[in-house]
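Trainee: Here's the letter readout for the chains.
2 protein chains.
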Amino acid sequence: MRVDKRKLSSTLAAASAWLCVALLHGCVSPPPRATGDLGIIIERADGAVQIVDTTHRHSLAKISGLGDLSHASAVYSRDARYAYVFGRDGGLTKIDLLNARIEKRIIQSGNAIGGAISQDGKIVAVSNYEPGGVKLFDAVTLDLISEIPAVDSAGKRSKVVGLVDAPGNRFVFSLFDAGEIWVADARDPRQPVVHKHLNVGRQPYDGTVTPDGRHYVAGLFGEDGLVLLDLWNESAGVKRVVAGYGKGSQPLPVYKMPHLDNWAMSQTSAYVPAVGRHEVLAIDTGAWLEKVHIPVAGQPVFVVARPDGRHIWVNYAPPHNDTVQVIDVLTHQIIQTLHPGKAILHMEFTPRGEQVWLSVRDDDRVDVYDTETFQRIASIPAAKPSGIFFTYRAHRIGL
Amino acid sequence: MRVDKRKLSSTLAAASAWLCVALLHGCVSPPPRATGDLGIIIERADGAVQIVDTTHRHSLAKISGLGDLSHASAVYSRDARYAYVFGRDGGLTKIDLLNARIEKRIIQSGNAIGGAISQDGKIVAVSNYEPGGVKLFDAVTLDLISEIPAVDSAGKRSKVVGLVDAPGNRFVFSLFDAGEIWVADARDPRQPVVHKHLNVGRQPYDGTVTPDGRHYVAGLFGEDGLVLLDLWNESAGVKRVVAGYGKGSQPLPVYKMPHLDNWAMSQTSAYVPAVGRHEVLAIDTGAWLEKVHIPVAGQPVFVVARPDGRHIWVNYAPPHNDTVQVIDVLTHQIIQTLHPGKAILHMEFTPRGEQVWLSVRDDDRVDVYDTETFQRIASIPAAKPSGIFFTYRAHRIGL
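Protein chains in written order, with the numbering used here: chain G, 37 to 435; chain B, 37 to 435.
Bound conformation, chain G alone (with noise of 0.2 Å):
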């Protein structure tokens, strides 16, 4: 027999480089894993997240091009594996935990606030400032399903705050220009049906659900007080709760406006950020009235239940913004202070509670606390992190 030396050359070159392609895309492809124990965390400066471990506690990829991420946040599918990222820039993008990529990404709007995913996991709801309203997307595609233009009743667009979900496929909003807060039905989400409560109080500016899907409240710019609508009983109407809410003796001025993001509930009460005082309200949630100030050392931003309810941990608007404190809820006490670095912008607790990560902004890192012994227990390098999300966020209501 003769062969051609060059023709064997080339078989034999083809067939290893079919070969490099099957060990790239098989054997030497990562094992399987599971997504139960990973989250990701905004680096806002690159325009990037960084898929992480609570496990091993690091860092496993980081994936770029995201666009604007300030005030970025995020939900995840109902099967763990994709985060849904709601960029300010109006950016919606979809990653892949499992393989680490950006699956799809799309510019939904000119300027975005937030989003939600729909209980059944095939919406994802994007809240939009500009132009004001809500978009639902396919959840497996990012197609545009439908719109819900948030024009009030004398034609005027206004921006769109507070999203959540709510069972029976519903999604609630409020319309910061315009007063009301909209329940809309997305049962069939190419024609979601809007119930409105108009002329709620003026200028709610961000809105929360209780993790029953029960209660959604809203705070109010424009005045003192919150706004509580009961989606159980939802044709009595809104109801104004907390009168002092932010009122009384003068308060200082507003340097970060709190968020209403997470519900802080234990027991009967729940724990909120007063307004522009360096206080933390808890509030009954059978009567809906303020129960007890509890004095801290800044501005309130955040104020997060640890997830057996025992503690309440509190971080800060400038210029105490490198403190986070604890609260006993027994006792209403402040059993720790911390000063994990500069600029703490956010606190996640892992699903039991057993350890909470802080981002510190400023110092370039993200630093996870041991919540009974209160040690720091490691750390990750991150560039300028914000909003860190979990993935058990996928089966919980309204998160």
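Source of the hints: derived by calculation from the structure; they are not laboratory data.
Each hint should be verified, as a subset may be incorrect.
Pairs count within a copy or across copies, as identical chains cannot be separated in the list.
[Said to hold, decoys possible] With a straight-line Cα cutoff of 30 Å, these simulated DSBU-like cross-link-like pairs (lysine-lysine) come out:
1) Lys420 <-> Lys275
2) Lys378 <-> Lys275
3) Lys98 <-> Lys158
4) Lys327 <-> Lys275
5) Lys420 <-> Lys140
6) Lys275 <-> Lys232
7) Lys98 <-> Lys140
8) Lys98 <-> Lys130
9) Lys232 <-> Lys192
10) Lys327 <-> Lys420
11) Lys327 <-> Lys140
12) Lys192 <-> Lys420
13) Lys98 <-> Lys420
14) Lys378 <-> Lys420
15) Lys232 <-> Lys140
16) Lys192 <-> Lys275
As the structure is a computational prediction, the values presented were derived from the model and not from experiment.
Fit chain B to the supplied structure of chain G, relying on the hints for placement.
Mentor: Same frame as chain G, but now just chain B:
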């Protein structure tokens, strides 16, 4: 150039074999997937489990060889990849959901009744009837770490029941024969520190913990009432609550002991099955007093809350085990009576509550219902199905 034909053939054959191996192991392997929407169904007759997917509502795999699975239960690893299945025959089986296979299986005692996983996910605890006690295993290897023999003050061994996890890497359980509740602090799992609460009442037959991990409650078989231990204030000891539980008019013969595995909690009430009576009790969880008796179709076995707490679902002991009822918590009225099939053994909600899965044992299938419309939306063949356990449990205290 001259090339030996046989040599070339064998070179290409070797390359082909290598390619086949590469293909089998790599390119042809199933695509990566996450586990957030998975769960297992116990098939008690076959000693098997099915792995199911709640997004597509179908079965992915069946795994045999798990031994005697009557009264089996399961917990999940913190990454939601592995299920630990506790069999009645003392078997402890670690199932890998991604590779659909038994990762490891041991026989750890003669007769077991249930298990739990520590807050940090590192320790699996199993409670045993024979010999009575709790064993702690390494969650990765299933190696025995330590043992807590359930020996009372008179030196007598006791069956252990109602084992749950609590924050601080603690395990809480009841000694049936001794009438004691023990709290084991397993922060050092090689040397767990045990606090014993003696003389809590006669024959605690099951126990559970509230979703925040604060209140441990045991039911008594030997006398009326429930026993409450506040884990935030253990030194106060146990308290007898709900004195009327099972008391009053002559109770009916008990056909099946009700379960206390899951607290049905909603707003400020807990809903529990009344022993031997056709009633569900609503208990005020502030004062721990009975609030109302709700008449139902039979002797309740499981009383579970939809994750948003709006509805309570109830199944029954024979002869009413073909029936499931739904109670509205606002009115305490029964709003639905379903007859899904023969011998409804268990009910499991998806974590955000849009679906409930029912084991219909004697019809050899698991049915999936939409919890808003009460319509059956899927049905999956299964051999004498009993318990159903979804992976969201990885992220909850006490489950």
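Trainee: Are the hints correct? Go through all of them and say.
Mentor: Now the hints, each set against the structure:
1. Lys420 <-> Lys275: neither (40 Å within a copy, 50 Å between copies)
2. Lys378 <-> Lys275: neither (39 Å within a copy, 47 Å between copies)
3. Lys98 <-> Lys158: Both ways: Lys98 and Lys158 sit 27 Å apart in one copy and 27 Å across, limit 30 Å.
4. Lys327 <-> Lys275: both (18 Å within a copy, 27 Å between copies)
5. Lys420 <-> Lys140: The answer is within: 24 Å in one copy meets 30 Å, while 43 Å across copies does not.
6. Lys275 <-> Lys232: Only inside one copy: Lys275 and Lys232 sit 14 Å apart there, 48 Å across copies, limit 30 Å.
7. Lys98 <-> Lys140: Within one copy only: 16 Å inside, 34 Å across.
8. Lys98 <-> Lys130: Answer is within; shortest intra-copy Cα gap is 14 Å, inter-copy 32 Å.
9. Lys232 <-> Lys192: Within one copy only: 15 Å inside a chain, 66 Å across chains, cut-off 30 Å.
10. Lys327 <-> Lys420: neither (37 Å within a copy, 52 Å between copies)
11. Lys327 <-> Lys140: neither (47 Å within a copy, 52 Å between copies)
12. Lys192 <-> Lys420: Classified as neither: same-chain Cα gap 37 Å, cross-chain 60 Å, threshold 30 Å.
13. Lys98 <-> Lys420: The answer is within: 14 Å in one copy meets 30 Å, while 47 Å across copies does not.
14. Lys378 <-> Lys420: Answer is within; shortest intra-copy Cα gap is 11 Å, inter-copy 59 Å.
15. Lys232 <-> Lys140: Cα proximity of Lys232 and Lys140: none, with 33 Å in one copy and 55 Å across.
16. Lys192 <-> Lys275: Only inside one copy: Lys192 and Lys275 sit 25 Å apart there, 60 Å across copies, limit 30 Å.
Taken one by one, the earlier hints fail for this structure at numbers 1, 2, 10, 11, 12 and 15, listed in ascending order.
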